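J.: Sequence:
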Amino acid sequence: MLDIKIIRKDIEKVKCAMLSRNQDVDLSKLVSLDMERKILVSQIEQLRVKRNKWSEEVGKLKRENKDIPRGFIAGASALKDKIQEQDKRLLIVENQIEDFLVRIPNIPDESVPIGKDASDNRVVKFVGEPKKFSFKPKYHWEIGEKLDILDFNMASEISGSRFAILKNEGCDLERSIISFFLDTHKKKGYKEIIVPYLVNRVSMRGTGQLPNLEEDLFKCANDDLYLIPTAEVPVTNIYRDCVLEESSLPQKYVSYSACFRREAGSYGKDTKGLIRNHQFDKVELVKFVNPETSDEELEFLVLDAGNVLELLKLPYRLVLLSTGEIGFSSSKTYDLEVWFAGDGMYREISSCSNFKDFQARRMNIKYLKNKRRELVHTLNGSGVAVGRTFAAILENYQQEDGSVTVPEVLRKYTGFDVINSRR
RNA sequence: GGAGAAGUGGCCGAGUUGGUUUAAGGCGUCGGUCUCGAAAACUGAUAUAUGGGAAACCGUAUCGAGGGUUCAAAUCCCUCCUUCUCCGCCA
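Numbering (this note's numbering) for the first sequence: 9 to 431.
Don't read these hints as lab results, they were simulated from the structure.
Please note: incorrect hints may appear among the correct ones.
As the list claims (entries may be wrong) - Here are the computed distance ranges between Cβ atoms for each label pair:
| # | residue 1 | residue 2 | range |
| --- | --- | --- | --- |
| 1 | 380 | 131 | 37 to 43 Å |
| 2 | 96 | 377 | 34 to 40 Å |
| 3 | 39 | 379 | 43 to 49 Å |
| 4 | 351 | 420 | 30 to 36 Å |
| 5 | 20 | 107 | 36 to 42 Å |
Predicted model only: the values in this text are computed from it and were never measured.
The beta carbon of each residue, even a glycine, is placed where N, CA and C say it ideally should be.
Could you build the full structure based on these sequences and the hints that come with them?
T.: Right under this line is the structure:
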């Protein structure tokens with residue numbers, strides 16, 4: 009959520025920011041609502057001052073056992089009605105302001121390239137060389153099904169499309185990737201935390217999934233709970249309505265969770281394999297930081313995410329997203345795109361964002377700065393998506409005979425070096 | 001799922017016949033006096049949000065949350081949430 013003061017002070021800046029996101033937001037409505045609110049508040053306060061004085065007077069007279077002048081109560085009563093009436097109006101106006109404000113996306117950072125879509129993203133660097141194969145590399149779902157470690161037919165019978173079942177060494181590989189990610193990040197000072205997969209509406213609103221992105225969430229209507237689309241939601245919410253000590257910042261968390269997304273509006277896109285499923289595993293990194301350091305903390309976050317790919321020897325490129333591509337709550341986002349040998353493409357495997365105070369304002373997460381309470385900055389990034397890593401390993405480590413070599417750093421977790429066909 | 005109890009400032013804890021409560025008192029924290037220094041003692045300060053003001057300061061709201069009754073609510077009424085205890089069920 010944006011600070012309404014920014015809109016009061018520099019409405020042009022906000023308008024430009026929205027335009028750069030291809031969003032045409034009519035802020036004049038908000039401004040007039042804000043004006044109305046201000047007038048109502050001052051009117052109500054004046055009425056209350058009057059009423060408080062009258063009440064005080066009544067109390068004083070009662071205590072002294074004196075008579076209350078005729079019409080005194082009636083006058084106060086009229087005042088009360090007026091206050092109630094104005095209060096009702098104020099509530100409506102305040103709700104409208106809130107409703108408006110909560111749907112306005114974050115202002116992109118100045119360093120974010122202006123652009124309409126992905127073609128305006130800026131590729132920052134390439135890390136690692138894609139391997140040259142002496143044969144035509146296969147897709148991961150072909151490799152996985154042949155090795156009997158992936159089963160999409162079985163999954164669609166049980167649940168539907170966009171689900172996967174892991175079998176045999178696939179299970180070991182999945183768990184190994186998760187453990188490897190967690191251990192690596194913990195060495196860098198991230199604290200592991202395991203959080204609920206079902207969260208309430210308030211939490212979803214806090215990180216910005218609600219109200220705008222509701223259609224992409226699985227909802228348990230009976231209990232008014234949502235399945236998390238990422239561990240970011242529960243992890244960032246752990247400090248909702250909290251005041252942190254300045255010396256405790258930055259606070260860094262790593263969390264493994266399953267993630268659930270409806271993928272509404274992505275029909276026909278990545279329909280095969282592990283790339284875009286309704287349920288997938290992810291290891292997420294979340295930071296709460298001093299606002300002065302959030303820019304550099306984003307760079308560190310990107311390095312930490314990239315580090316696990318480098319250790320796995322998976323080639324990737326780093327992309328700075330353009331204003332038209334960054335997410336609703338983000339002010340700046342880097343994507344890490346890993347190499348998929350099957351179709352020779354880089355695909356997103358991690359998204360690292362600096363939200364600045366956008367989420368912190370929604371969640372009321374503050375820290376003590378010289379005895380004053382200030383909003384923290386929040387960041388998060390995938391560290392990294394587990395299912396996509398699984399897929400990338402199959403495609404990049406495949407051998408001509410159909411087997412898959414296990415990346416060296418994973419071997420102490422899997423306990424085997426290669427996945428061979430059992431047929 | 002059923003029954004009961006509770007929720008007051010950073011913490012503990014008074015206040016429930018509605019009106020000197022602008023939330024007592026204590027602890028903690030910060031400052032001052034005293035001291036070579038410290039402790040003790042004494043003394044002052046010590047919530048958040050928001051509006052006005054250059055500032056001092058002033059106004060308003062907040063006693064789990066939201067409604068209601070009333071001239072006036074921590075106090076009365078309703079709904080919800082959370083925690084604890086007991087019973088039932090259960091990995």
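J.: If a hint holds in the structure, say so; if it does not, say that too.
T.: For each hint, the structure was consulted:
At roughly 41 Å, the beta-carbon separation of residue 380 and residue 131 lies within the given 37 to 43 Å, and the hint holds. In this structure, residue 96 and residue 377 meet the distance hint of 34 to 40 Å, their C-beta atoms being roughly 38 Å apart. At roughly 34 Å, the beta carbons of residue 39 and residue 379 sit outside the given window of 43 to 49 Å. Distance hint check: the CB atoms of residue 351 and residue 420 are about 31 Å apart, consistent with the given range 30 to 36 Å.
As the Cβ distance of residue 20 to residue 107 is approximately 23 Å, the hint placing it in 36 to 42 Å is violated.
Checked against the numbered hints given earlier, the structure breaks hints 3 and 5 and satisfies all the rest.
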